[in-house]
Amino acid sequence: MVEITPQLLMLQLLTGLALGAVYALLAIGLSLIFGMLTVVNFAHGAFFMVGAFLGVYFLTLTGSFWFSLVLTPIAVGAIGLLSERFLVRPLYGRGIDYPLLLTFGLSYVLVEAMRVIFGIDGMPTSTPTELRGVVNVGFGMFPLYRLFLIAATAVIVIALWLFIEKTRYGLIIRAGSRDNEIVRVLGIDISRIWLLVFGLGTAIAGLSGLLAAPTRAVNPEMGIPVLAESFVVTVVGGMGSLVGAVVAGLLVGVVFSMTSLFAPEYAELSIFVLMAVVLLVRPQGLFGKAGLMG
Amino acid sequence: MSDSSTGKPVNLRRRILAGGAAGLTIAGAQFVSRMAFAQTGPIKIGFPTPLTGAFSSEAQDQVRAAELAVKEFNAGGGFNGRKCELLVRDDKLNPGEAATRTLELIEKDKVDLIVGSLSAATQLSINAVCKARKVLFNSISQSDAINEAKDWSFYTFHEALTPHITAGAVARYAFPKFGKKVVYLTADYAYGHEMVRGFQRAGQAFGMQTLADIRHPLGTSDFSSFLPRIQALKPDVLVLCNFGRDLVNAAKQVTDFGLKQNMKVITPVLLYTSRQAGGAEAFEGIIGGTSYYWGLEDRIPTAKAFNDKFRKAYAGAVPSDYGALGYAGIRSVLQAITEARSTNATAVANVMRKMRYDFYKGVQNYRLCDHQSVQSVIVVESKSKAMKDKYDVFNVLSIEAPDEKNLRTCDELGHKVLS
Amino acid sequence: MIAKHRVASVLVFLLLFPLIMPYEALALNILIFGLYAVGFNLLFGYTGLLSFGHAAFFGVGSYLTGITIVHFGLPWWLAIVAGTLASGVAGLLIGFLAIRTRGIYFSMVTLALGQIVYYAFYKAERWTGGENGLRGVTVEQINVFGLTRDFVNPLTKYYVLYVFVALALWLVSRILASPFGAVIESIRENENRTAACGYNVARAKLLIFTLSAVICGLAGALRALHLSIVPIDSLHYLLSGQAVMMCLLGGMGTFFGPFVGAAVFLYLEDVATSFTTHWMAIVGVVFMIFVLFFPKGIWGTLVQQWQRRASSVETK
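Residue numbers (the working numbering), protein chains in the order written: chain F, 4 to 297; chain B, 20 to 438; chain X, -6 to 309.
I should point out that these hints are in silico values taken from the structure, not numbers from a laboratory.
Don't take each hint at face value.
Cross-link-like lysine to aspartate or glutamate pairs, in silico, DMTMM-like; alpha carbons within 20 Å at most [claimed, not checked]: (1) K116/X - D100/F; (2) K153/B - E133/X; (3) K129/B - D143/X; (4) K169/B - E178/X; (5) K200/B - D128/B; (6) K199/B - E167/B; (7) K63/B - E86/B.
Just chain F, same shape as in the assembly (with noise of 0.2 Å):
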């Protein structure tokens, strides 16, 4: 049994928020989508895994992770607004089980896209060389990469944040969430929103998905686990909220780490476990609005 330092707990902490820098970047896609549309969205996962896809191949073909950086989020979000416009928006109206349905027969259909485009194997990864290596972060030594993914995180959320904070955009977007036929009556057409949402959400998906994907092996199921993890972080944040998202995200992560210190084989389930917990004691979530859905 090895000795518990300090060192090792902090250690252990920063491994958690690098987890739930992922984690949360996916609940705050979730969470807007659900917050503003009503809908929760099944292929959340799926869009996740097409960024990991996109992402790897346009680094391929750009040879430069900033570029796909920028490619990805752009690709996977052209993808999302034309499901909400085709495929979700008919379906506005007709109650939370509809969409939810459609969403996942959309990701079986996007996993099936990337196993025939990309084949059954994935792709193999490697961390872009600029954030190779691991560094001396005090108390241990830590993969650079993992470093960028928590900085790279607190930047978009901040970037969404003053997005809807400060633009007018971000005014209809909150004033929408609360009561959308308010918005509506005050003359502003609602499904340009909506759609904006949608885009938005699945490119934060597809971005995180891309950000993962050093990490991990790429390959077309990689989006089944993630869903439930983002789902438990939502839900554990409060539906539709964003700073819920971003702080159930790091919780989580947080809770996995250290469960994997003292019990490695309870790791998945502590996160079930948590969630469990925090419904039944506070059963909106943590930042959740009582009385949401029924």
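Dock chains B and X against chain F, hints included.
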């Protein structure tokens, strides 16, 4: 247990029948007439395997190699003019689906026998269905459980290695070389635990010391949170007791965290396909065991012959380890059918029990008590430099010759029948 | 006609069902998953509660049937009873916790509790076989009223399990036709108003949750006997998802819909799987088409058509 004891007298009778005394007994007459009836159609072999899911690439290679074996058999005239027909079914890596597909093959397609599977759970479910219906099943996927008396039946054959043998071979090669302190990172399921047991048992001889056996949930995609502790434990050897995509991710993240600089990383089963999917960098320097690597062709003539046939049939590609098992699994049952002059499960099983065969990797035979194929284990090291082409990914470090000593004993498995 | 004698119509159909299916094992799967979807529909279609954790009940039913046969040597019919009761108990416990939440949070609590059940069985390797699954649930012969039958024979197996499904369907039909059936449907339409009318909504929800678990548990129990193994994926959340899909595909809130959904889902998958490894794309596209163009599901759409025709005939 009951099967192996009741199996005995039946064998004896069948053996007499095969020996030419067939027509003398009533049972024999029935047997022959049934045989004559069955002789009209082709020999049907059911082949359930996960064409979709996490092991689809391995499974599709199994099918390619199995089809090669069938083609060869048919080109050679088949058996008594009867051609062989391979019925491939996708079990989706799901044991329930595997059982359903096997039922379909037996009840609807009326297959003569079953070869296939890829995963411990699916092979056990296929085996359960075959066992209840006394259909011969040749499993081409690793597991320790299938050899144990409680799952095994007289009709169960195991063409693949077991985690016990593979782990043992890697341990015997690597443990004396790299130090005494070991940490295991183990997928938390029977297969993972079986691999650890294999290492620990073999490690006793070298005085190995287990610092920790860290069990991770099956299907973990990010192992980073298990790694700081391993770093802090400072082992000489880190053993990755997981498989397929778990292994790819673990190898990748172990590399990213710089663990390879301080410890040797080894793994019981290093698949050719995993190495291709994970890339050279992630697997650099990792040592592991395998049932087959195409590079054996320098030393083993049958490997050369098999590779050449495979290359010719599939545009220069080389067979993977699991692919080769598909080939061997089919060839051994077809050879047994030819020798037994029958597709009757008991007759075929009796021939297989006595067979010594060399189809692709040197001489093999089935151990009598559990029908485990006794075969060599190849220990390889993944390389990232001086590769001749995209197929050239491993250096063969050693070949452990087939030896029943390396298997778990019949007694330990619960078999009462004497071998 | 069909509406009046719905149980009888369904049973006659299921009696002939194996004859039109490509093989018996598929017919048995449809029979079992149809029942599973019917049990799920009690909660989802009729009460309006979307659970993502129903695999827990299917799996508990399956495992307890298997465990009582393998480890305790219970006769097969008693094992079915044990499995079904156990899932009822599981339903009562999980339901007690879950009905405190609403909407999407209800779905998520059931998912989380279902996962906990999954891990409990996964870790209890000695009893359940863990990831390898429980093997040895072999029933070779059954003895009913002095008649011995070969249970390995697929048709015998089908008709024996059919009897249990028939009983369950009769029970579901009785529940739905009872005043309690009206209460749960009014909860779906308007929970607050139902409470205002003086009904104990919480108790009604818990009762229907438990009943739903019992039906799903019975389906699981039958599957253990059908496959002679209990795979760990019987408890997996993907199986919970499958119940939702089958209900929506067939038509939620209709009596026969879930059965149609199960049949189409499994048949489609079976056929698609046998001619392409890209079966997921076909299944995915079919789902999207149904959601977009046949939102009431297959059976729901048919029923709607019949009603429209019937009413137009009447007005003429």
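A quick look at each hint next to the structure:
1. K116/X - D100/F: violated (33 Å)
2. K153/B - E133/X: Measuring from Cα to Cα gives roughly 12 Å; hence the hint holds.
3. K129/B - D143/X: holds (18 Å)
4. K169/B - E178/X: Judged against 20 Å, a Cα distance of about 50 Å means the pair is violated.
5. K200/B - D128/B: Cα-Cα ~53 Å, so violated.
6. K199/B - E167/B: violated (31 Å)
7. K63/B - E86/B: holds (13 Å)
Of the hints listed earlier, those the structure fails to meet are numbers 1, 4, 5, 6, in rising order.
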